[in-house]
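Got two chains here, separate frames each, mind docking them using the hints?
The listed protein sequences derive, respectively, from chains S and F.
For the first sequence, our numbering begins at 3 and goes up steadily by one.
For the second sequence, our numbering begins at 469 and goes up steadily by one.
Keep in mind that a hint or two might mislead.
Stated by the list, open to error - Just so you have them, the derived chain F footprint on chain S, three or more residues with Cβ under 8 Å:
no.: 1; segment: 20 to 26
no.: 2; segment: 58 to 66
no.: 3; segment: 75 to 85
Unchecked claim - Pair ranges (Cβ atoms, derived):
no.: 4; chain 1: F; residue 1: Lys496; chain 2: S; residue 2: Ser79; range: 47 to 57 Å
no.: 5; chain 1: F; residue 1: Ala509; chain 2: S; residue 2: Lys16; range: 16 to 26 Å
no.: 6; chain 1: F; residue 1: Asn498; chain 2: S; residue 2: Ala148; range: 24 to 34 Å
no.: 7; chain 1: S; residue 1: Asp34; chain 2: F; residue 2: Gly497; range: 21 to 31 Å
Simulated from the structure, these hints should not be mistaken for lab results.
Yeah, the Cβ is synthetic: ideal placement off N, Cα and C, and Gly gets one too.
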Amino acid sequence: MSHISNTKLRLDSKEAVVRMCQLLPELFTFRDRKTFKSYGHANWKCDFAISVAGANYEVGFEKQSDGTLKPLVDWWSSGGLRKALDGEEMPVLMKGYNVAKTALESERLGYTTALAHMPNGKYKMLVTKNQNKHKFGWKTALKKLATGRILGGNS
Amino acid sequence: MPCGSNEVEHFEIDIDENGIKLEAHGFKGNSCVKASEKLEAAIGGDTKRTKKAAFYEKVITPLKNKLGGR
Chain S
3 MSHISNTKLR
13 LDSKEAVVRM
23 CQLLPELFTF
33 RDRKTFKSYG
43 HANWKCDFAI
53 SVAGANYEVG
63 FEKQSDGTLK
73 PLVDWWSSGG
83 LRKALDGEEM
93 PVLMKGYNVA
103 KTALESERLG
113 YTTALAHMPN
123 GKYKMLVTKN
133 QNKHKFGWKT
143 ALKKLATGRI
153 LGGNS
Chain F
469 MPCGSNEVEH
479 FEIDIDENGI
489 KLEAHGFKGN
499 SCVKASEKLE
509 AAIGGDTKRT
519 KKAAFYEKVI
529 TPLKNKLGGR
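Next up, chain F with everything else stripped away, as it sits in the complex (with noise of 0.2 Å):
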C-alpha cells in the first residue's frame, strides 16, 4: 500500500549488496517525501527516487456553489 493509506507509518526497506530500495507506507501528504529524505539522508550514499503514480494523483475538492447567486 502506497503512503496515505490506514496503515502504521512506516518505511519498507529491501537491502541487497547494491544498496537499499526504501518505500514509504502509511504517511499523509508532504510528510511521507519529508520523513523519506530525513531517513535517507541520515543513511547517505547514492539517492536515485521514483516517483510512483500516486505521487501525481490530484485531490479533487468538491465545490459547494449555491444556486441561483450571481
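The following block holds chain S by itself, in its conformation from the complex (with noise of 0.2 Å):
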C-alpha cells in the first residue's frame, strides 16, 4: 500500500518557534521578551519575538484568540526583513518553521529525524523508529540526504 499526503500547517506553536531557532541557528534567534525592534529601535509589544540573520530589524509573534500567532513584521527597508525574509509572505520564516514544526512533533511521537538543506531550497527530513534495529536500513535511507547538505536531527 502506499499513499502521499501534503499538509498545510498553521502558525500556532511558541515551542516550534523555540525549535525553529535550535535547528535553523544560522538563520533565526530566539528572543524571549514581549518586546521586537523595528524602526527607529522602537521596541514594540508582542509575546515572544526572533531576530533573522541579515536584518536589524526583529520579528515579533502575537498570539490570536484562534490560537494562532501572528507574525509582527516592520517592512521598512532599513530594517532589511523584507529582504532577509525573501518578501511579505515570509517563505524563509515558513519553511523554518513547518521544518520545526515536523521535527518537533515527531520526536514526541519517539520518531528518529535527520534533516538536510537540500539543493532545489527544500528541506528533507527522513523519519523513523527502527534505526537501531535496521541499523543498515537506515543508514542506506539516509543516502537520500547526501545531495543535500545535513543539518542534523536527532538520528
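Structure, rendered in C-alpha cells:
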C-alpha cells in the first residue's frame, strides 16, 4: 500500500518557533521577551520575538484568540526583513517553522529524525523508529539526504 | 520505493513554505496508512491524501484446489 499526503501547517506553536531557532541557528535567534526591534529602535509589544540573520529589525509574534500566532513585522527597508525573509509572504520563516514543527512532533512520537537542506531550496527530513533494529536500512535511507547539506536531527 | 518494500520503515518528508509532503516507505500492509495518519495528526494542519497506484493493487493469493474432488 502506498500514499502521499500534503499538509499545510498552521503557525500556532511557540515551542516550534523555539525549535526552529535551535535547528536553524544560522538563520534565527529566539528572543524570549515582550518587545521586538523595529523602526527607530522602537520596542513594539509582542508575546515573544526572533532575530533574523541579515536584518536589523526583529519579528514579533502575537497570540491570537483562535490560537494562531500573528507575525508582527516592520517592512521598512532599512530593517532588512523584506530581504532576509525573501518578501512579505516570508517563505524563509514559514519553511523554517514547518521544518521545526515536523521535527518536534515526530520526536514527540518517538521517531528519530535526520534533516538536510536540499539543492532545490526545500528541506528533506527522514523519520524512523527503527534505526537501531535495522541500522543498515536506516543508513541506506540516509543516502537520500546525501545531495543536500546535512543539518542533523536527533539521530 | 513505496510502502511494502524491503526498506527500513521510514517517512520521507519534503518541506517548503507551503507545508509538508509526506511519503511512507517500507511499511507492511495497513501499518503504512495508520502510521502516516498518526504523524499527520500530530503535526496538525490541513491534510490532503493521494493514494498511489500501489495502494489499489490487489493481492492475488493462489488457490490450492484439488483435482478430481466434488
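Ascending list of hint numbers which this structure does not respect
Hints 1, 2, 3, 7 are the ones this structure does not satisfy, whereas the remaining hints hold.
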